[in-house]
Amino acid sequence: MLISERDKKTIDACRFCWMCRHVCPVGNVTGRERNNARARALSLSMVERGVELSKDIVANVYECALCAACTKECATGWDPVEFTKAVRLEAAMNGVTPDYINKMIDNIESTGNPYGQTELSEELKAEIESLPKDADTLLFLGVDARIKSSRSAVNAIRLLKKANISFTVLMNEPDSGYAMDTLLGKADETKRIMTKAAGVLDKYKTIVAYDPADAKVFLREYKEWGIELGAAVKTFTGFVNELIQSGKLKPKKLNKTFVFQDPAVLARDLEETQEAREILAACGETKEMLLYGKDTVWAGNLIMNEYMPDVMKLTAKARWENALSTQAEVLVTASPSEYEVLSAVKPDNMELLSIEEVVLRGLE
Amino acid sequence: MQQNEFLFDMILSELEDAVGRENCSIREIDKLTHTVDYFWLSRMWADRGKRMPEADFIVSPKDAKETSAVLKIANYYKIPVTTWGGGAGSQGGALPVAGGILLDTKRMNKIHEINEDSMYVECGTGAIYKHVEWAVNEKGYSTMHYPSSLNCSTVGGFLAHRGIGVVSTKYGKIDDMVLQMEVVLPNGDIIYTSPVPKHAAGPDLNQIFIGSEGTLGVITKAQMRMYVQPEVRKFRAFLFKNLTDAFRAGRELLTKIKPSVMRLYDEAETISIIKKIVGVERKGAFMNFALEGVAEIVEIEEKILLNTMTKYGAEDLGSEYGEKWWEEKITFFYPGHIMDLPQMFGTMDTVATYSNIEKIYWAMKEAIETNFPMARFIAHFSHWYEWGCMIYDRFIVDNPPQDPHEALRLHNQIWNTGVRAALANGGVVNDHHGVGIKLGRLMKEQYGPAMQVFEALKKQLDPNGIMNPYKLGL
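Residue numbers (the working numbering), protein chains in the order written: chain A, 1427 to 1790; chain B, 7 to 480.
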């Protein structure tokens, strides 16, 4: 395979090691041996030793959430996410990418999002139209919120409006490149999308990335590619917390107990865990569930929901079980993707709110 | 497995009917990832680009009922069944060397009950032990089973191979930690062992199936003991002049108190591992203890420990080493922290009485170093009883043959030599990793005519010989 020597070394280090098995959110719910870093590495090490890189092996590479729980767990410092992404690109170059992945890649090329949809909800369009066309601060909603979690996008806008700050949202927002980066890794296509987005976003002083997945590519992958992004990038949770701490948002304490689902990207890749907790502390009581902060358990995402919906139900249910065991009243998310997958299997005896919904309630 | 295409499809459809289509796979990726466990030979074989034997069907039943259905199908068609939990065993016990059905237990991972009255957790045997530990931790308890493979091995895997954790001296081995088990017999019957582990209602059914490595059935559910978390856990390390003094001190200590951790390292391991991990550069025999439980009692135990160690001339090295070891007790087993390919290595753990243990150590060391000058031999003694203790002895060959057949031959010669030295001096084939395909050939050498008891059980329970063929010497 035309992957880096570092990736080959990681594959050989991981192929006989199971020490991160217990934290793999996919393997833990499927019970399938193939769903862990060791299994992916073993199969790929065999490819390095003459086994064909088949569609079957590649399909398993796409069953990884890229959540980096294994990376966080590795006492030696190996990063299975890196070789997983590298092999996705390798598979594309060899024409063995699964058809359902190719379909999403084609969708990104033709519509700017992996879901192949172009129309925003009327409610979201109205909210965006209500904002000034120009401002120094851009709220970047991202494809998941715009296409699949309109309610989240609308509430994010409504919350920032409450702070009486000047900001805008683009009706035709460029694709950040996060979805292509997820599906193909460091491909030329990914760079092209990111470069195009940077050109559009360059005029803003501040970009508030609503989706941690977008924040991550802005802050990490763009730099790796050498793509200059003139604007300062802030996470939505970080920005909202600033608004609360500066008194621009003054939520009242609700008589509720919250437990926060740390998005894996936010907690592990961007190392942001406290801001959301400070927001929730301003709005009520907080509890913690099993494995939180940087140890968080990924609850699912919308891209994998396209081709592994049954597994996404299981990952979300497993996280609900963790949340329920805290006896908190509300599970709070900070990722539109996790909000949607958790919402699909929400139990009757616990509430699910996005973090902006919590603050909006506190402002009522 | 030699089957024609039509019959293969017929069997596949029956298995799909038993466990659901999504839980029965003939995919390449599922076969491939169930071919290599922690057994050095399987790793070497794969490393050399050779394919290990593959199962024909990978099935994942969700409970005893589905397991029963699978075993009935297997018995009818006389198809081998190999049970796979975490696949982290070092003896090749989970390798589907005869093809057929690979029964992966990890869907049987439910925590069914945490019984605080009777202090046990009932779980499916496919549960990762770390998950069981987390579940009881949330209630303020612990399983007190902390092996190096805690993160990746299943409850069933530990039971099948008689596993052990680092605090075993106080809390026991896995076979001391079980109350009742649910077992699916090879004919598909679902049975339950006695509701309690201590009784006079005949022999102990638990102990027939614990350590049977999937040759007599499949353990599908187990009630595992849990313990109150200790108020304190205190460490103390000592340096003895030699192993003999350390053995005497350890033996005497266990007539008075029960530490949770007792780990004695031979000189070679004292120098190489302890120096590397915790920075000690001293010759002698390093020994690390942990005492735990109610604070007042531990305080008294600590005095007894110090007095006993002083009596045998041990140098007190304080608590820092032990605390660091505790933090890193699993780190030892990540890549880069432990032996790995291209090295050849193996842990020839055995257990014996105090009368024999030091004799075995020297006999195994001499046998390995004399017959295989290319091999290094290191050892520690990490699980202690009132009557004896175990040796965790390892051989390491830095540059084994590149040819896989030659490497296999040398590997097995070293093992034969080491284990036979243990057996000749009062040891056993293995202490806590099991037998698998690695050591099956040596079982008769240990048991002699007693082996017929196991063979009779096998013949009665598994007359078609479908359960995990070529393992355990059965």
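Note that these hints are calculated values from the structure, not bench results.
You may find that some hints are simply not true.
As the list claims (entries may be wrong) - Derived DSSO-like pairs: lysine-lysine, alpha-carbon spacing no greater than 30 Å straight-line:
1) B:Lys335 x A:Lys1435
2) B:Lys335 x B:Lys371
3) B:Lys68 x A:Lys1739
4) B:Lys71 x A:Lys1498
5) B:Lys176 x A:Lys1772
6) B:Lys176 x A:Lys1481
7) A:Lys1739 x B:Lys179
8) B:Lys317 x A:Lys1434
9) B:Lys176 x B:Lys309
10) B:Lys71 x A:Lys1743
11) B:Lys465 x B:Lys176
12) A:Lys1551 x A:Lys1529
13) A:Lys1435 x A:Lys1551
14) A:Lys1743 x B:Lys371
15) B:Lys330 x A:Lys1498
16) B:Lys116 x A:Lys1739
17) B:Lys465 x B:Lys179
Now the hints, each set against the structure:
Of the supplied pair hints, the one linking B:Lys335 and A:Lys1435 holds, its CA atoms being roughly 25 Å apart against a limit of 30 Å. Between B:Lys335 and B:Lys371 the alpha-carbon distance is near 25 Å, which keeps this suggested pair within the 30 Å criterion. With a C-alpha separation of about 17 Å, the suggested pairing of B:Lys68 with A:Lys1739 holds against the 30 Å cut-off. Note on B:Lys71 and A:Lys1498: the hinted pairing is violated, with a Cα-Cα distance of about 38 Å set against a maximum of 30 Å.
Distance check on the hinted pair: B:Lys176 and A:Lys1772 sit about 44 Å apart at the alpha-carbon level, beyond 30 Å; violated. Under the criterion of a C-alpha separation no larger than 30 Å, the hint pairing B:Lys176 with A:Lys1481 is inconsistent with the structure, at around 51 Å. Distance hint between A:Lys1739 and B:Lys179 is unfulfilled; the C-alpha atoms sit about 38 Å from each other, more than 30 Å. Between B:Lys317 and A:Lys1434, the direct Cα distance comes to roughly 54 Å. Violation of the 30 Å bound is thereby established for this hinted pair.
A hinted pair counts as satisfied when its Cα atoms are at most 30 Å apart, and B:Lys176 with B:Lys309 qualifies at roughly 18 Å. With a C-alpha separation of about 24 Å, the suggested pairing of B:Lys71 with A:Lys1743 holds against the 30 Å cut-off. Among the hinted pairs, B:Lys465 with B:Lys176 is inconsistent with the structure: their alpha-carbon atoms are about 37 Å apart, more than 30 Å. Distance hint between A:Lys1551 and A:Lys1529 is fulfilled; the C-alpha atoms sit about 27 Å from each other, no more than 30 Å.
A distance of roughly 49 Å separates the Cα atoms of A:Lys1435 and A:Lys1551; the hinted pair therefore is violated under the 30 Å criterion. As the CA atoms of A:Lys1743 and B:Lys371 are separated by approximately 53 Å, the hinted pair breaks the 30 Å bound. For the given pair, B:Lys330 sits about 20 Å from A:Lys1498 by alpha-carbon distance, which is consistent with the 30 Å threshold. Of the supplied pair hints, the one linking B:Lys116 and A:Lys1739 holds, its CA atoms being roughly 17 Å apart against a limit of 30 Å.
Proximity of B:Lys465 to B:Lys179 is assessed by CA-CA distance (about 28 Å); at most 30 Å being required, the pair is judged to hold.
The structure does not agree with the numbered hints 4, 5, 6, 7, 8, 11, 13 and 14 stated previously, though it agrees with the rest.
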